[in-house]
Amino acid sequence: MAQKGDLRYLTKRLFRDEILASQIVNIVRGYWELLRSKGVEEVKIMNFCGTHEYTTTHYGIRSILPPGVNLVAGPGCPVCITPSFYVEAAVKLALEGVTLYTYGDAYRLPAVREVGGCRSLSEARMMGADVRVVYSFLDAVRDAAKHGKPSVFLAVGFETTCPAYASAIANNLVPENLTLIVAGRLTPPAARFSVERVGTVSGVIAPGHVSTITGAGVWRFLPEEYGIPTVVSGFEPLDVMIAISLILRQIMDGEPRLQIEYSRTVTMEGNRRAKELLARVFDVVDAAWRGIGFIEKSGYALKESVSQYDAFSRYGMREPNRSEWSHDLLPGCICGQVIIGAAKPTDCRLFMKRCTPGTPYGPCMVSAEGSCSIWARMGGRGVVEEVL
Amino acid sequence: MCLGVYGKVLRVDGELAVVDFGGGLTKDVLVGVEDVREEDYVVVHAGVIVSRLSEKDFTAVFDFIEEAAKHLAQSKSEAATYLAQIRSRLEENLSTSK
Amino acid sequence: MGRVSLAHGSGGIETSHLLERLILNRLPDWMKRLGDGLGLDYPDDSAAIPIPGGYIVATIDAYTVSPIFFPGGDLGKLSAAGTINDLLMLGGRPAAVLDAIVVEEGMDMDDLSRIVESMISILRMEGVCLVGGDIKVMPSGQLDGILVTTAGVGYASKLIVDKNIRPGDKIIVTGPIGEHGAAILAAQQGIKSDEFKSDVSPLTRLMLPLIEKYADHIHAARDPTRGGVAMALNDWSKSSDTMIVVYESELPVREPVVNLCEMMGVDPLSLASEGTALLAVSPEKAGEVLEQIHGLGYNEARIIGEARSRTSSVGLVVLKTLIGGARILEPPSGEIVPRIC
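Residue numbers (the working numbering), protein chains in the order written: chain A, 735 to 1122; chain B, 571 to 668; chain C, 523 to 863.
Hint data in this document are derived by calculation from the structure and do not stem from the laboratory.
Predicted model, so just to flag it, every value in this text is computed and none were measured.
C-beta: ideal position from N, C-alpha, C; glycine also.
Mixed in with the good hints, there may be bad ones.
Some chain A residues well away from chain C (every beta-carbon gap over 12 Å; in silico) [said to hold, decoys possible]:
1. Asp751
2. Val774
3. Arg1007
4. Gly1050
5. Arg1052
Simulated pairs of lysine-lysine, DSSO-like, Cα-Cα distance not exceeding 30 Å [unchecked claim]:
6. C:Lys760 x A:Lys746
7. B:Lys578 x A:Lys778
8. C:Lys760 x A:Lys1087
9. A:Lys880 x C:Lys714
10. A:Lys778 x A:Lys826
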């Protein structure tokens, strides 16, 4: 092969190439026609990653797919699935004068109940609370070490994000004044939960960056136990389109299996060091997902040996257990169904009435990657297609 | 979730590394993988190196596209045209090194 | 009614809603505009007051930025250039500025001097007078540093009004987009790099020759500040009864800005420019105008899209994506914050 050059640029060139994209669209159409001739009327391909959904929307992938090939978003947005309880706790601490750090995603996430007149960290900031949006946990660690004031990090995220917390804790980088509200979650249990509830998933685009950590192997259960073709995919537009064609091919061959499209960085085994760090710092526990409820062995919790980093014990708070946990969706909101792909945003009677991108009500409208927000913004699909 | 950005490692210093995201954009990140070395291409998520990019496997996925094009073509000549188009585009992209 | 949020001031959709609720709804029609001029009934870059043979154009803006000193400029330069540009975008020739500075008790006197010096040097360079002003000091803690408000006045013989965009018009952008927003975002996120520099600068040397020669063919002009290109084009589409189509492959975005945006998860189309203009030009003259823009030193100016007849009831901007798909380009919403997913 010719000189490959800088992989950073090569990715953008190769996996966003319009001509190659049109070839892949031809392949998707070709497989789809073959499937239709066999009597298939619809395929429903589910992703479990907000960034896959972002790529799909951002590059207008739905607009160039055949109408029977439907892309559905599963629970892949950590913002949408973070239980209200954690947001309420973070808002409470922020209003009490604790410096609160988080990512931009969780900054606007609303709680079900108001705390001190605030429904989110961004509202708490308007009330004068010290809320700081950071790009990484490391930035917060450094900032907190500098000022030394009592500080808390609202630690959301999936397997990709949680090694940052584990690594900083295991390497004693976290200053004494900084503790964490750990809301980390694991994706495979949620994927199992969703495909069982939805029942009609024809294929899964599995999350590429989660898989860099866990290894693609964690997705084997989908083809083996549920017969669902599964492709671990990257996040450039051509990655997603190739994953779709791989899934259609598997459906056609009637041989569901696990494939890695994102071979440039994903292996079957994953990132050994990150897995070790996670295991050293966290226990895997039954955990709540917003709108869904408890899913077995789906959450991270700090181990006893590092409990000094736990914000709840530092500030005399406690997480609700399974029996105390209450349904945490706002009245009338069906985000719980939308999150697992069992209902479409348009099935909700609040959609585009009480709940719009400008005045979001449910969590799926809050995050740009939430399904409702995406549907709201893709509303003029017919208009979009005229331009093609 | 999980926005990942590709970068090139400039320096490694214990648990920290300086990564260049292109065009002079550099940032300190945590090293989250084993044996990271200078010059490695890596995937960074929320300030942590979560994975390495493998040059070897970079274009492996396009083998499938070629295979599918062959599979779907109605005739041998159609397949040949498809393949020629895909290959020339791949070559073009790969040879524009920067 | 809830509370005022930072999003209300971010220049996106929340700002428009707030303005409508807070101000526009309270005004009877006669109060919104003077004669057949331009006023709040049609929010453009500036207001216009008819006088014999032309218009007085006037604008006012309050400027805050964090950090106050950023690569490529500071608050003083921003306030002078911003006001000059608002006048230019309506087809006006800037003549005079008035300023009001509100400063927090305890601010470093040298910093204050630097900001004022920087504002005055821009005005001096552009031949614009500073004919009035005010300064106030707020007790420590009641203001974060400094706030500069500048009002500008100028003269136009013919107005460039956004609602005149017609189907077929070409959309030209005069330079790389998102440069100011990227510099601010990088500074706020502690990214030290020589690559990020605000483009803040007055557009006089670009706009005056164009207004002179092509006043009849430039149907709209806008400097895409807060809310970026996405906001400006959405405004255009809504006010002109057209649909605007933009080609992603034609957008001039510098590579470091692309990289920063991908890293932070933000869209360059929603980042502010402070020294770049968007123009809608009649198709017959678009090539010629572009050539003239290049000749004026704006070498990276490009045609990025066009206006089409509208097929839906609401104004829309559609982006034709790199891979041949299409999506609706939304007006940006909320504060610009880095995200991880």
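Outcome of the hint check:
Against the 12 Å criterion, aspartate 751 (chain A) falls within the reach of chain C, whose nearest CB is about 8 Å from its own CB. With a least beta-carbon separation of about 24 Å from chain C, valine 774 (chain A) lies farther than 12 Å from that chain, consistent with its non-interface assignment. Separation of arginine 1007 (chain A) from chain C is adequate, the least Cβ-Cβ distance of about 20 Å exceeding the 12 Å criterion. At roughly 29 Å, the least C-beta separation between glycine 1050 (chain A) and chain C is larger than 12 Å, which holds for a residue marked as non-interface.
Taking the minimum C-beta to C-beta distance to chain C, about 27 Å, the non-interface status of arginine 1052 (chain A) holds against the 12 Å cut. Between lysine 760 (chain C) and lysine 746 (chain A), the direct Cα distance comes to roughly 33 Å. Violation of the 30 Å bound is thereby established for this hinted pair. Between lysine 578 (chain B) and lysine 778 (chain A) the alpha-carbon distance is near 37 Å, which puts this suggested pair outside the 30 Å criterion. A hinted pair counts as satisfied when its Cα atoms are at most 30 Å apart, and lysine 760 (chain C) with lysine 1087 (chain A) qualifies at roughly 21 Å.
A distance of roughly 18 Å separates the Cα atoms of lysine 880 (chain A) and lysine 714 (chain C); the hinted pair therefore holds under the 30 Å criterion. Simply put, lysine 778 (chain A) and lysine 826 (chain A) have alpha-carbon atoms about 41 Å apart, too far for the 30 Å limit, and the pair is violated.
Violated hints for the displayed structure, listed by number in ascending order: 1, 6, 7, 10.
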